[in-house]
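For this one, chain A is given, so just place chain B on it according to the hints.
There are 2 protein chains.
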Amino acid sequence: MRSFAIVGHLARTEGDFILEDLPGSGGRMDLLCRCIQAALFLSHTLRRDTDCYLVFLGEPAPPKTICIRGSEVHSLNPDERSTAALLRKALALPVGTIYRSSTPGIYIRATGFSDLLLERGFALSDEGGEDIRKIQNLPASFLLSDHLNLTKEEQMYIPPSTHKISVSPRSLHADHVITLIHNELDRREAGWT
Amino acid sequence: MRSFAIVGHLARTEGDFILEDLPGSGGRMDLLCRCIQAALFLSHTLRRDTDCYLVFLGEPAPPKTICIRGSEVHSLNPDERSTAALLRKALALPVGTIYRSSTPGIYIRATGFSDLLLERGFALSDEGGEDIRKIQNLPASFLLSDHLNLTKEEQMYIPPSTHKISVSPRSLHADHVITLIHNELDRREAGWT
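Note that the protein sequences, when read in sequence, are chains A and B.
My numbering applies: residue 1356 is where the first sequence begins, and numbers increase by one.
My numbering applies: residue 1356 is where the second sequence begins, and numbers increase by one.
Okay, chain A solo, but in the shape it has when bound:
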């Protein structure tokens, strides 16, 4: 089972953003949609062994967390607009601190970064981390930030023992990092390394 969690620092927390302006009115919702695409799509099929967590920290009602379960999700297409429409539907629901189902395989609750990290461990995607190819026992759960770095407050919630992992000598978009992590896991599962 693989998991990716992506923190959307500006991502809109109501279902009122405009599908024609995902970067602006959605608070870089386009970036989160591409992360979902990288986390859950293979060619012509979905990665049923992967869950994707999205932490929404933008206005007007932060925080919210959406979980997309690869094993359950239906009607997910790879393009940004249709994915954003599913997120918008979930964000329009009234929610408390317990996950509530939106569409099949998509769940939402009104909790944020610290709650997710209290529940489960994640390795951290970090440019200064250990080269993923050199790590013998690769974790299966990864935390990534969007186009902004984790804040000092967010960093305080990350346990000191957290494994920091780097995938590239270059600074990459979060969705590209997810693709590279999947590839390393795929190769090891298939005996390609």
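If you're looking for bench data, these hints aren't it; they were derived computationally from the structure.
The hints are all genuine.
The list that follows gives simulated cross-link-like pairs (lysine-lysine, DSBU-like), each with its CA atoms no further than 30 Å apart:
no.: 1; chain 1: A; residue 1: Lys1489; chain 2: B; residue 2: Lys1489
no.: 2; chain 1: B; residue 1: Lys1519; chain 2: A; residue 2: Lys1489
no.: 3; chain 1: A; residue 1: Lys1507; chain 2: A; residue 2: Lys1489
no.: 4; chain 1: A; residue 1: Lys1519; chain 2: B; residue 2: Lys1489
Partner residues aside, some chain B positions facing chain A, computed with beta carbon under 8 Å:
no.: 5; residue: Asp1385
no.: 6; residue: Phe1396
no.: 7; residue: Asn1432
no.: 8; residue: Glu1435
no.: 9; residue: Ser1523
no.: 10; residue: Pro1524
no.: 11; residue: Ser1526
no.: 12; residue: His1528
no.: 13; residue: Asn1538
Predicted model, so just to flag it, every value in this text is computed and none were measured.
Note that beta-carbon positions come from the ideal geometry of N, C-alpha and C, so glycine has one too.
Below, chain B alone, put in the same frame as chain A:
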């Protein structure tokens, strides 16, 4: 200098597709936009050392080829919609067989797959190819197909000596393949392997 060429078998060849329906009316234009994003974007900057060729083979006026030069392009954002708007502007221009400038760094002409391959060599992204990590002298130009395989006619234009390269034991979206190729080149340039 790196180059990626992506064949869009159904990609609309006029500037009349609907930005609200890139997969349908654009003939999987969403996929081509994600390939551009994978080919040209680093975090907070562009890959100025990369060119991206897109071959449009859909209705109503195939073939057309758009070249996006990373060294010249302006006003390119990573989201699908704004990228598609730039492609639509280029596809709306009357064109012949010589590249014509659309917006800065974006060129279009009314030629297709065979012309591109006559001009320059590409390695071919192929699931049955050699593992990219095992190739000593890695090429810098790569040809990829969209969600459809190359047709038999297209395959006839590919020289028998073409290097076939695989990046994964799984069948991946073309944009994910581009990300993985860039990563291998980045690692070698930085002495990470």
